[in-house]
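2 protein chains.
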Amino acid sequence: MIKKYIIAIDLGGTNLKIAVLNLNLNILRKEIIATRTFRTKVSLIESIVDSVNAIIARYHLKKRDVLGIGLGVPGPVDHKSGVVHFFPNIPGWKEVKLRDILQRKVGLPVTLDNDAKAMALAEYTLGRAKNASNALCITLGTGVGGGIIIGKKIYRGKNNAAGEIGHLPINENGPRCNCGGLACLEAYIGNKRILKQARKIFQRKISLEELSLLAKQKHRKAVRIWKEIGRHLGVALSAVINLMNPDVIVIGGGVANSGKVLFSAVRETIKERAMSLQARQVKVLKAKLGSDAGLFGAAIMLKQERALR
Amino acid sequence: MIKKYIIAIDLGGTNLKIAVLNLNLNILRKEIIATRTFRTKVSLIESIVDSVNAIIARYHLKKRDVLGIGLGVPGPVDHKSGVVHFFPNIPGWKEVKLRDILQRKVGLPVTLDNDAKAMALAEYTLGRAKNASNALCITLGTGVGGGIIIGKKIYRGKNNAAGEIGHLPINENGPRCNCGGLACLEAYIGNKRILKQARKIFQRKISLEELSLLAKQKHRKAVRIWKEIGRHLGVALSAVINLMNPDVIVIGGGVANSGKVLFSAVRETIKERAMSLQARQVKVLKAKLGSDAGLFGAAIMLKQERALR
Chain P
1 MIKKYIIAID LGGTNLKIAV LNLNLNILRK EIIATRTFRT KVSLIESIVD SVNAIIARYH
61 LKKRDVLGIG LGVPGPVDHK SGVVHFFPNI PGWKEVKLRD ILQRKVGLPV TLDNDAKAMA
121 LAEYTLGRAK NASNALCITL GTGVGGGIII GKKIYRGKNN AAGEIGHLPI NENGPRCNCG
181 GLACLEAYIG NKRILKQARK IFQRKISLEE LSLLAKQKHR KAVRIWKEIG RHLGVALSAV
241 INLMNPDVIV IGGGVANSGK VLFSAVRETI KERAMSLQAR QVKVLKAKLG SDAGLFGAAI
301 MLKQERALR
Chain B
1 MIKKYIIAID LGGTNLKIAV LNLNLNILRK EIIATRTFRT KVSLIESIVD SVNAIIARYH
61 LKKRDVLGIG LGVPGPVDHK SGVVHFFPNI PGWKEVKLRD ILQRKVGLPV TLDNDAKAMA
121 LAEYTLGRAK NASNALCITL GTGVGGGIII GKKIYRGKNN AAGEIGHLPI NENGPRCNCG
181 GLACLEAYIG NKRILKQARK IFQRKISLEE LSLLAKQKHR KAVRIWKEIG RHLGVALSAV
241 INLMNPDVIV IGGGVANSGK VLFSAVRETI KERAMSLQAR QVKVLKAKLG SDAGLFGAAI
301 MLKQERALR
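In order, the protein sequence lines correspond to chains P and B. So that you can map any letter, position 81 of the first sequence is 81 in the numbering used here, and since no number is skipped, the others follow by simple counting. So that you can map any letter, position 279 of the second sequence is 279 in the numbering used here, and since no number is skipped, the others follow by simple counting.
Derived by calculation from the structure, the hints in this document are not laboratory data. Even glycine gets a Cβ: it sits at the ideal position worked out from N, Cα and C. Check before you lean on any hint, since a few could be wrong.
[Claimed, not checked] Incomplete in silico selection of chain P near chain B, CB under 10 angstroms: (1) Thr142; (2) Gly146; (3) Lys153; (4) Asn160; (5) Glu172; (6) Gly181; (7) Ala183; (8) Cys184; (9) Ile201; (10) Gln203; (11) Ile241; (12) Pro246; (13) Ala274; (14) Leu277; (15) Val282.
[To be verified] Simulated crosslink set (DSSO-like; lysine-lysine; CA at most 27 angstroms straight-line): (16) Lys158(B) with Lys158(P); (17) Lys216(P) with Lys227(B); (18) Lys80(B) with Lys196(B); (19) Lys196(P) with Lys158(B); (20) Lys260(P) with Lys218(P); (21) Lys94(P) with Lys271(B); (22) Lys80(P) with Lys227(B); (23) Lys260(B) with Lys227(B); (24) Lys260(P) with Lys288(P); (25) Lys200(B) with Lys271(B); (26) Lys216(B) with Lys94(P); (27) Lys153(B) with Lys80(P); (28) Lys158(B) with Lys130(P); (29) Lys271(B) with Lys80(P); (30) Lys283(B) with Lys158(P); (31) Lys200(B) with Lys283(P); (32) Lys153(P) with Lys80(B); (33) Lys158(P) with Lys200(B); (34) Lys130(B) with Lys152(P); (35) Lys152(P) with Lys152(B); (36) Lys63(P) with Lys80(P); (37) Lys200(B) with Lys105(P); (38) Lys260(B) with Lys153(P); (39) Lys152(B) with Lys130(P); (40) Lys288(B) with Lys227(B).
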């Protein structure tokens with residue numbers, strides 16, 4: 001039977017995005033649900049199930065027309081067994097067989113992977129890393145995630161845990177990171193850290209959106225903050241460039257919208273610090289797919305996985 | 001015609017090793033020639049050619065029995081075109097078509113690659129990274145080089161320049177590196193830096209061999225130096241572990257002979273700093289093939305290359 005639809009879900013620390021796509025990867029419908037209200041594991045799983053059932057009902061889909069559900073989640077997972085190891089920013093999850101639970105409750109095939117890997121796959125298939133052989137895609141948000149493409153495929157490493165650029169130490173000593181490490185990139189440029197720095201410098205509460213807007217208006221303090229973020233990021237990317245000699249680095253996530261200041265600082269730092277052969281060759285680009293990258297990636301994952309069966 | 005022999009050359013900053021191997025990769029003959037005396041590019045090339053001709057003559061080989069020459073060199077090369085980009089520790093080399101020059105002068109097929117990649121290939125084929133899917137091999141010497149194995153093959157990146165773990169910055173600020181970068185691992189644990197540190201601490205000139213011996217005898221100052229080196233290396237390896245989630249990390253080169261102190265400090269630092277999932281899974285091992293790794297790797301490269309034709 002020929003399937004017509006894919007359901008894609010991008011589960012985040014603050015909200016759950018769900019979409020219906022056709023097999024050509026066009027988004028037909030999209031909804032966003034706040035996850036912050038679902039504090040327990042059980043209620044979050046129920047909300048995923050409810051959102052699937054609701055979108056199926058609302059758009060009068062038939063389950064037999066749906067190829068399956070692709071799900072990107074904000075933490076390390078065993079992609080083969082469908083087990084979530086844990087979520088750094090959602091408490092109460094430890095070795096949860098999420099794929100099996102969802103398949104049982106929804107009655108559709110489910111494919112599960114880390115959200116940053118989904119985003120990388122999307123940028124590789126549809127976005128800025130298209131045609132690259134070797135690429136790193138990085139998402140800047142509450143966490144700093146990454147996905148690596150090598151030889152035109154997602155590179156997973158031994159435990160599907162490769163790509164954690166957010167946890168590259170950029171100093172031997174420095175702030176303690178959520179992961180238990182020290183001086184990780186995320187401890188310098190994760191959203192929380194940026195907002196804390198901004199509050200200190202502006203002497204008031206300030207949002208990321210405002211901070212981006214002010215930088216675009218060339219506000220001195222805002223420019224200074226984004227430049228500093230770009231330098232931290234540039235040091236970590238120099239490490240990746242020297243180690244992996246990639247074709248392309250794609251930067252996405254909310255913080256990537258801060259405008260040219262951030263990207264200029266990143267590129268300058270790479271030029272100053274990375275080895276010249278590798279630095280000359282690498283393109284550093286802003287992600288194309290924006291906040292839908294996770295949904296596209298989840299749908300592509302599902303499509304690839306089902307094609308293998 | 002069935003070939004019987006491979007000539008392997010490991011060109012270093014201080015000496016040139018040349019060996020004859022059979023096709024089962026047993027070393028039949030080996031010689032070492034000081035390269036320090038060959039100061040110019042022309043004289044160094046001549047010395048390579050002379051050493052090949054000499055070893056052929058001395059062991060009564062017939063050129064028609066030789067499959068070719070595998071050559072590992074201490075710097076970035078274009079492996080496909082056989083061009084040496086430059087040597088960080090041998091002056092006067094820039095975009096030299098070394099493969100073509102040698103093939104013309106010697107009349108045998110030549111395969112050329114970076115020495116750290118050759119070492120990684122050797123440890124993967126015959127040594128400690130055997131059966132690994134994803135591995136990093138690192139050589140500690142005047143320079144700190146690396147080779148990455150992904151999916152059972154040498155990972156080259158866009159310009160065959162991947163694997164430069166010696167040029168991973170481990171701090172945002174720090175000593176200037178030979179590569180032009182700042183605070184690269186090599187600037188902390190390259191041999192020259194170690195000897196300089198040791199001279200300062202011991203208040204006299206001291207060799208790496210003595211420094212290793214003293215550490216094995218639990219001499220307090222020597223132990224302190226190796227521990228510090230291990231910590232620097234551990235920080236860089238934590239970055240690689242979080243980014244690449246490898247099965248195995250193999251550490252070779254002279255400095256790896258300093259005994260348990262170094263390896264303990266490396267492993268402790270990884271345990272403290274890398275993400276637990278990745279850190280639990282990775283093995284950190286001492287290279288098996290010692291100073292012959294480069295020769296084995298050069299021979300394997302040549303064998304693989306000739307098999308493709």
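Here's how the hints hold up against the structure:
1. The criterion of a C-beta within 10 angstroms of any C-beta in chain B is not met by threonine 142(P), whose closest approach is roughly 17 angstroms, and the hint is violated.
2. Residue-level restraint check for glycine 146(P) holds (minimum Cβ-Cβ distance to chain B is 8 angstroms; threshold 10 angstroms).
3. At its closest, the beta carbon of lysine 153(P) sits 9 angstroms from a beta carbon of chain B; the interface hint therefore holds under the 10 angstroms criterion.
4. The closest approach between the C-beta of asparagine 160(P) and any C-beta of chain B is roughly 8 angstroms, which is under the 10 angstroms cut-off, so the hint is satisfied.
5. The criterion of a C-beta within 10 angstroms of any C-beta in chain B is met by glutamate 172(P), whose closest approach is roughly 5 angstroms, and the hint holds.
6. The restraint placing glycine 181(P) at the interface with chain B holds, with a minimum CB-CB distance near 5 angstroms, inside the 10 angstroms limit.
7. Given the 10 angstroms rule on beta carbons, the hint for alanine 183(P) holds: about 9 angstroms separates it from the nearest Cβ of chain B.
8. Because the closest C-beta pair between cysteine 184(P) and chain B is about 8 angstroms apart, less than 10 angstroms, the hint holds.
9. The restraint placing isoleucine 201(P) at the interface with chain B is violated, with a minimum CB-CB distance near 19 angstroms, outside the 10 angstroms limit.
10. Look at glutamine 203(P): its Cβ only gets to about 26 angstroms from chain B, farther than 10 angstroms, so that hint breaks.
11. Of the supplied interface hints, the one on isoleucine 241(P) holds, with its beta-carbon coming within about 9 angstroms of a beta-carbon of chain B, less than 10 angstroms.
12. Below 10 angstroms, beta-carbon pairs count as interface contacts, and proline 246(P) has one with chain B at about 7 angstroms; its hint therefore holds.
13. For alanine 274(P), the interface hint holds, since its Cβ comes within 10 angstroms of a Cβ in chain B; the closest pair sits about 7 angstroms apart.
14. Annotation: interface hint on leucine 277(P) holds; nearest CB of chain B at approximately 5 angstroms, less than 10 angstroms.
15. The beta carbon of valine 282(P) comes within 8 angstroms of a beta carbon in chain B, closer than 10 angstroms, and the hint placing it at the interface holds.
16. At most 27 angstroms may separate the alpha-carbon atoms for a hinted pair to count; lysine 158(B) and lysine 158(P) meet this at roughly 23 angstroms.
17. At roughly 47 angstroms between alpha-carbon atoms, lysine 216(P) and lysine 227(B) are farther apart than 27 angstroms, so this suggested pair is violated.
18. At most 27 angstroms may separate the alpha-carbon atoms for a hinted pair to count; lysine 80(B) and lysine 196(B) exceed this at roughly 38 angstroms.
19. At roughly 38 angstroms between alpha-carbon atoms, lysine 196(P) and lysine 158(B) are farther apart than 27 angstroms, so this suggested pair is violated.
20. For a cut-off of 27 angstroms, the pair hint linking lysine 260(P) to lysine 218(P) stands: about 11 angstroms separates their Cα positions.
21. This hinted pair checks out: lysine 94(P) and lysine 271(B) have alpha carbons roughly 21 angstroms apart, not beyond 27 angstroms.
22. With a CA separation close to 39 angstroms, the supplied pair lysine 80(P) and lysine 227(B) exceeds the 27 angstroms bound.
23. Simply put, lysine 260(B) and lysine 227(B) have alpha-carbon atoms about 10 angstroms apart, close enough for the 27 angstroms limit, and the pair holds.
24. Taken as a hint, the lysine 260(P) and lysine 288(P) pair is honoured in the structure, with Cα atoms around 15 angstroms apart against an allowance of 27 angstroms.
25. Distance hint between lysine 200(B) and lysine 271(B) is unfulfilled; the C-alpha atoms sit about 30 angstroms from each other, more than 27 angstroms.
26. Taking the CA atoms of lysine 216(B) and lysine 94(P), the gap is about 43 angstroms. The hint is violated against a cut of 27 angstroms.
27. Between the alpha carbons of lysine 153(B) and lysine 80(P) the distance comes to roughly 23 angstroms, so the proposed pair stays at or under 27 angstroms and holds.
28. Note on lysine 158(B) and lysine 130(P): the hinted pairing holds, with a Cα-Cα distance of about 15 angstroms set against a maximum of 27 angstroms.
29. Proximity of lysine 271(B) to lysine 80(P) is assessed by CA-CA distance (about 26 angstroms); at most 27 angstroms being required, the pair is judged to hold.
30. A C-alpha spacing of about 12 angstroms is found between lysine 283(B) and lysine 158(P), which places the hinted pair at or below 27 angstroms, so the restraint holds.
31. A threshold of 27 angstroms between alpha carbons decides the hint, and for lysine 200(B) with lysine 283(P) the separation of about 43 angstroms lies outside it, so the pair is violated.
32. With a C-alpha separation of about 23 angstroms, the suggested pair lysine 153(P) and lysine 80(B) falls inside the 27 angstroms cut-off, and the hint holds.
33. Distance restraint check for lysine 158(P) and lysine 200(B): the Cα-Cα separation of roughly 42 angstroms exceeds the 27 angstroms cut-off, and the hinted pair is therefore not satisfied.
34. A distance of roughly 25 angstroms separates the Cα atoms of lysine 130(B) and lysine 152(P); the hinted pair therefore holds under the 27 angstroms criterion.
35. Distance restraint check for lysine 152(P) and lysine 152(B): the Cα-Cα separation of roughly 16 angstroms lies within the 27 angstroms cut-off, and the hinted pair is therefore satisfied.
36. About 24 angstroms separates the Cα atoms of lysine 63(P) and lysine 80(P), which keeps this hinted pair within 27 angstroms; it holds.
37. Distance restraint check for lysine 200(B) and lysine 105(P): the Cα-Cα separation of roughly 68 angstroms exceeds the 27 angstroms cut-off, and the hinted pair is therefore not satisfied.
38. For a cut-off of 27 angstroms, the pair hint linking lysine 260(B) to lysine 153(P) is broken: about 38 angstroms separates their Cα positions.
39. This hinted pair checks out: lysine 152(B) and lysine 130(P) have alpha carbons roughly 25 angstroms apart, not beyond 27 angstroms.
40. Under the criterion of a C-alpha separation no larger than 27 angstroms, the hint pairing lysine 288(B) with lysine 227(B) is consistent with the structure, at around 22 angstroms.
The structure fails to meet hints 1, 9, 10, 17, 18, 19, 22, 25, 26, 31, 33, 37 and 38 from the earlier list, while all remaining hints are met.
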